[in-house]
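Q: Using the sequences provided together with the hints, build the complete structure.
Quick note, the sequences are listed as chains A and B, same order.
Take 1 as the starting number for the first sequence in the numbering used here and just add one per residue.
Take 637 as the starting number for the second sequence in the numbering used here and just add one per residue.
Treat the hints as calculated values from the structure; they're not laboratory data.
Predicted, not measured: the structure shown is a model, and the values here were computed from it.
Careful: at least some of the hints might be erroneous.
Chain B regions said to be covered by chain A (calculated; three or more residues, Cβ under 8 Å) [claimed, not checked]:
(1) 757-765
(2) 874-885
(3) 924-932
Ideal Cβ positions, reconstructed from N, Cα and C, are used throughout, including at glycine.
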Amino acid sequence: MTQKTTLLPFWRQSRWQWVALIIIIVTVPVSAVAYLLLQQTERNLESQTFERLESVAALKLGSIEGFLDDGEGELIFLTETEIFRSQLIALAQSEADGQAISDTLRQIADSEDIINEIFVYSLDGNILSSSDRVDIGKVVRSKPFFVPSLQGETYIQPPFYDVGSSTLSLIISRPLFDEQGSLIAIVAVEMNVEALSELMTERAGLGESGETYLISLENNYLLTSSRFEGYETNRAYYSEGINRALQGQDGQGIYPDYRSPGVPVLGVYRWVPELQAALLSEIDEAEVNADLNDSVQQGILLALFLMVVALGVGLYFANSFTRPIIQMSAIAQRISGGDYSQRVQLRQKNEVGLLASSFNQMTEQLAATIQKLDAQVKEVETANQELRKANARVREAARLKSEFMATMSHELRTPLNAILGFTGIMLEGMGGEIDDDATHMIKRIQMNSERLLTLINDVLDIARIEAGRIELQSEPLRVRELLKQWELQTSVLAAQKQIQFSATVEPEVPEVLYGDSARLTQIVNNLLSNAFKFTEQGSVKLHISRLSSRWQIRVIDTGIGIPSHALNYIFDEFRQVDGSTTRAYGGSGLGLAITRNLCLMMGGTIQVESTLKQGSTFTVTLPIIAEPEKLLEPTP
Amino acid sequence: MYKSKRILMLVLLLLLLGACNKDKDNDGDSKTPADTVTLQLSWVHEYSSSPFYAAEKNGRFADQNLSVQLLEGGFGESGYIEPIDEVISGDAQFGLSSGVALLQARAEGKPVVAVLSMLQRSPFAIISLNDSEILTPQDLIGKTVAVNDGGARQIYDAMLVSQGIDLAEVNTISRLEFGIDPLVNGEVDAIGGWIINEGVLVQEAGHEPNFILLSDYGFDTYDFVVFTSQSLVDDSPDLIQRFVSAVVAGIDDVVANPSQAVTYVRDYAPDLDTEGQRRRLDASIPLMNVPGIPHGFMQPEIWSVTYQILVDQGGLDETFNLESAYTLGFLNTEE
Numbered sequence: 001m002t003q004k005t006t007l008l009p010f011w012r013q014s015r016w017q018w019v020a021l022i023i024i025i026v027t028v029p030v031s032a033v034a035y036l037l038l039q040q041t042e043r044n045l046e047s048q049t050f051e052r053l054e055s056v057a058a059l060k061l062g063s064i065e066g067f068l069d070d071g072e073g074e075l076i077f078l079t080e081t082e083i084f085r086s087q088l089i090a091l092a093q094s095e096a097d098g099q100a101i102s103d104t105l106r107q108i109a110d111s112e113d114i115i116n117e118i119f120v121y122s123l124d125g126n127i128l129s130s131s132d133r134v135d136i137g138k139v140v141r142s143k144p145f146f147v148p149s150l151q152g153e154t155y156i157q158p159p160f161y162d163v164g165s166s167t168l169s170l171i172i173s174r175p176l177f178d179e180q181g182s183l184i185a186i187v188a189v190e191m192n193v194e195a196l197s198e199l200m201t202e203r204a205g206l207g208e209s210g211e212t213y214l215i216s217l218e219n220n221y222l223l224t225s226s227r228f229e230g231y232e233t234n235r236a237y238y239s240e241g242i243n244r245a246l247q248g249q250d251g252q253g254i255y256p257d258y259r260s261p262g263v264p265v266l267g268v269y270r271w272v273p274e275l276q277a278a279l280l281s282e283i284d285e286a287e288v289n290a291d292l293n294d295s296v297q298q299g300i301l302l303a304l305f306l307m308v309v310a311l312g313v314g315l316y317f318a319n320s321f322t323r324p325i326i327q328m329s330a331i332a333q334r335i336s337g338g339d340y341s342q343r344v345q346l347r348q349k350n351e352v353g354l355l356a357s358s359f360n361q362m363t364e365q366l367a368a369t370i371q372k373l374d375a376q377v378k379e380v381e382t383a384n385q386e387l388r389k390a391n392a393r394v395r396e397a398a399r400l401k402s403e404f405m406a407t408m409s410h411e412l413r414t415p416l417n418a419i420l421g422f423t424g425i426m427l428e429g430m431g432g433e434i435d436d437d438a439t440h441m442i443k444r445i446q447m448n449s450e451r452l453l454t455l456i457n458d459v460l461d462i463a464r465i466e467a468g469r470i471e472l473q474s475e476p477l478r479v480r481e482l483l484k485q486w487e488l489q490t491s492v493l494a495a496q497k498q499i500q501f502s503a504t505v506e507p508e509v510p511e512v513l514y515g516d517s518a519r520l521t522q523i524v525n526n527l528l529s530n531a532f533k534f535t536e537q538g539s540v541k542l543h544i545s546r547l548s549s550r551w552q553i554r555v556i557d558t559g560i561g562i563p564s565h566a567l568n569y570i571f572d573e574f575r576q577v578d579g580s581t582t583r584a585y586g587g588s589g590l591g592l593a594i595t596r597n598l599c600l601m602m603g604g605t606i607q608v609e610s611t612l613k614q615g616s617t618f619t620v621t622l623p624i625i626a627e628p629e630k631l632l633e634p635t636p
Numbered sequence: 637m638y639k640s641k642r643i644l645m646l647v648l649l650l651l652l653l654g655a656c657n658k659d660k661d662n663d664g665d666s667k668t669p670a671d672t673v674t675l676q677l678s679w680v681h682e683y684s685s686s687p688f689y690a691a692e693k694n695g696r697f698a699d700q701n702l703s704v705q706l707l708e709g710g711f712g713e714s715g716y717i718e719p720i721d722e723v724i725s726g727d728a729q730f731g732l733s734s735g736v737a738l739l740q741a742r743a744e745g746k747p748v749v750a751v752l753s754m755l756q757r758s759p760f761a762i763i764s765l766n767d768s769e770i771l772t773p774q775d776l777i778g779k780t781v782a783v784n785d786g787g788a789r790q791i792y793d794a795m796l797v798s799q800g801i802d803l804a805e806v807n808t809i810s811r812l813e814f815g816i817d818p819l820v821n822g823e824v825d826a827i828g829g830w831i832i833n834e835g836v837l838v839q840e841a842g843h844e845p846n847f848i849l850l851s852d853y854g855f856d857t858y859d860f861v862v863f864t865s866q867s868l869v870d871d872s873p874d875l876i877q878r879f880v881s882a883v884v885a886g887i888d889d890v891v892a893n894p895s896q897a898v899t900y901v902r903d904y905a906p907d908l909d910t911e912g913q914r915r916r917l918d919a920s921i922p923l924m925n926v927p928g929i930p931h932g933f934m935q936p937e938i939w940s941v942t943y944q945i946l947v948d949q950g951g952l953d954e955t956f957n958l959e960s961a962y963t964l965g966f967l968n969t970e971e
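A: See the structure below:
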C-alpha cells in the first residue's frame, strides 16, 4: 500500500509541480528582461556602428575630393607654371616635338604617386605628347572625355572602361589657352586608381572586417581593391548597398555584401557623382555582433545558473511541503492496515506541524474507539454463542418432550384398549350375569376409559404436530357428503342436550375439494363438541361457505361465550378460559390447540368472535385446492 | 454542409475558368502562329552569340511571337559563310557583320541595313607577343601581320595610312585560321583579332600579349552588328522591331546573369571550355554594357567615323548615302 504514493508519475507529484512553478517564476521574467536588454544593446551597437561607418564614409569622401583636387592641382601646375606652359603652347602650335617634351612629362608623372600618365591632345583629338611615348599618335576622339574636355573648363571624367588594359581609367583634363585666350589644346592626366585604392583601404575605425571601397557605375566594376582575397578590381560585384548607391541613393542598411554567397554587413553607401561611383563603408554584422554574442552567452549562462538555483530552492521548499504530507500519507495507510501505534514525527511549528499534531490526536482517538468497539463485539459474540447453545438445548428438550409424550400416549393406549374391550364384553353379558349396580359401575368405567382415550389421543396429536410427524393427505372430498356424516354424528349429541342443530352448505362451494378428510373431520368435531359442551340451551349451527378462493367452515353457538381477555390464549395448549372451566366442563384443553395447528398446516386460519353469555362463532378459513391433474387437463 | 457545398461549387467554377483560360491561350497560339525568322551568325557557336542564346532560352523571342533559327557561321564547305550573302539571297532574314563590311556591301549595291550593334566598343586590335615589342603602328614596319580580309583589313589599312605608314612597308597577309598558332609559332609577328577572343587565347597559351587597339587611333567602329535586308525594313518593320527588342532583352539577360549565359553557350557548343567562355564573356560585357548608352544602341558619330575611314581609303564614294546603311528606328533611345 505504501508504494502507491511513490508510484505517482513525477508530473503529478506536487514536489515537481512546485519546482516547475518556481523555475517558471524565476526564469520567465529574467529571460524577458535579458531579451529586452539584448535588443537594446543590439540597437545601440548597430546605431553606434552606423555612426562610425557614416563618419568613415564622410572621411573617405573628403579623401576622394582631395585626390581629385590633387590631380587638378597638377594640371594647374602644368598649365599655369610659365616654364611648362610655354613648352605646351609650343607643342600645341606644332613648334615643338612631342617626343622631346615627353621626357619632361614622364619626370613629372613619375614624381607623383597619384598620377599614371600626363598627355596633351589637340582639339581634333590627336595625342601630341605623353609621358608614355607609346601613346603619342593615338587618337582620343571617341573617348568619352574628349567632347566634354573641349568645353573650356577642368573636366573630371568618371572612371571608364579602357578596352586595351581592361581596366577602369580616371581622366582629368584642363584646357590650354594661348596668350590670346584661344583654346589650343587639352592637357590631361590619367589618375592612379591604385593610389585611390590606398586611400580607401586605410581602415582606421573599421575593425577586423570593415572596409571602404568604390564601385564604378561602369559595369559595376570594383574600382578600389577589396580587403578580402579573391575579389579583384575591374570585376563586377553586386549587393543591395551597391545597387542603391549606383541608383544615386545615399543611405545605410544591413544586407549581404558582394562576397559570394554574401556575408551580412552593416553598410553605409554614398553616391559619388564626380566618380559616377558608389562609395561603400561596411563592416561584417558578425563582428558587430561578436560583443553582443558575448552578452548573449553571459545571459544564457546567467539564466542557466538561475535555473539551477531555482531548481535547488524549489526542491528544498517543495520537499519541506511534501515530506510531511508523504509521511502522513504513508502513516495513514499503515493505520488503515491496522497499525495504530504509528505517529507522525514532526517538529515543524507551522500549519503543517499543526496538521501533524491534529493527525496524531485523531489517530489516538481512533485507536481508543476501535479498542472499545472490539471489546463490545467480543461480548456480543460470547452472548450469541450462549444463546445459540441455549436455543439448541431448548429445541432438544422440546423434541424429547414430544417424543416422550408420543411414546407415553402410545404406551397408555394399549392397556386402555384392553380395559375398554373387556368392559364392552362384560356389558354385553358375555362374561356372565351382572346385576344392575355392577352394570352401572362398569358403564362408569367404560365412560371414563373412553374419556381417557380421547385425552391420550389429543396429547398424541399435539405431540405429533410438534414433533412434525403429521402428514396431511390430499384426496378428493365430497363436502356435502362429509357434511351429512358430520350432521349424523352430531344429531345424537344435539338430541341428548335438546339443543337445535343445523348443518348447511352454500351452493357456491364446489362439489369436490381436496384435502385430508380425517383431519377436517377432527377439526369440525372439536369445534362442534366445544360448542355443545358450552351451550346449555339455544342452538348450534354448522355452516360452510365460499369466500372467493377460500372456503369457510363456521360453527356458531349460543353458549356461555368467551371473555374478551381470554380470546388471546384460548388456542394455547392446556388452556381453557380459566382453571374452573376445565373441571366444570371436562376436556383436556388441547382441542383448540390441535385445531389451530391443523388449520395452519392446511394453509388456513382460525378465528373466534364471542360475546359473553350470548355465544361464540369459530371460523375456519381454508384455501380451495384444485386437483393438480384437473388443472393439467382443461375441461371441454 | 451548405457552406462546404458552396466552397466546392466555387472550386469547380474556378477550375472551369482555368480550363477556359487555357483553351483561350491555345486558341491564341493557333490563331497567330509565331513568325519564323533565321539569323545567320558570323562565327561558330561561342560566347559572342550568347545574347541570342539567352533570347531563345529565356523566351525573349517567344515573347515577341518569334520562332528564330540560329545558323552557325564560320568556315563552311565552300569557305567562309558570308552572312551578307545569306541575307541578300533570302536564306536568312537577319545576319551579323561589321559596320565596315556593311557599308561596303551597301556601296556595292547589296541592300543591307544595320539595325543594332551588339558591341559599343571595338575589340579590334593588332595582337602581338610581348617579346616582339610591337607597341605602336610604327613598330609594324618590316613585320608580317595576318589580318582577315574584308572589313577588318579595310580598317587596318586605314589606320596604318593615318599613321603615315606606307602599306608596302608592312607585310600584311590574309588570315585564314581561327586560332593563334601562327602567332605563337612565330610564323607571323602579329595578327588582327579581338582582344576579347584572340587576346584571351594568347594569355591562355601562356604569353603576355601586346595590343594596338584600332580604336586608340580613332578607328572606333562597330564590329558586331545585326543587319537585315532593305526589303524587310520596307515590308515588315514590325517583325524587325520585335526581333530587335528580343535581342536587346537577350543582351540585358547576359549582362545581368553571365553565369547563365555561359551555360547557354555550352548548350549550343558542348565542346567548349566553360571557364574559357566565361573569361571571354566577362571581357566582352564591358563592350556591350557602357554607362549612358542603351544596350544595342548605335551612335551616328561612330557610323560617320567608319564612313570617313572608307571614303579616305577610297573604298566609298562620297556620294554614298550613309543614312541608308543603318537605322536607329528600331532602337529604344532610353537607357
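Q: Check whether three or more residues of the region 874-885 of chain B sit with their beta carbon closer than 8 Å to a beta carbon of chain A.
A: The restraint on the region 874-885 of chain B is violated, since only 0 of its residues have a Cβ under 8 Å from chain A and three are required.
Q: Okay, the region 924-932 of chain B and chain A, do three or more residues pass the C-beta test at under 8 Å?
A: holds (count 3)
Q: Residue count check for the region 757-765 of chain B against chain A: does it reach three with CB-CB under 8 Å?
A: With 4 residues close enough to chain A, the hint holds.
The earlier numbered hint that this structure contradicts is number 2, and it is the only one.
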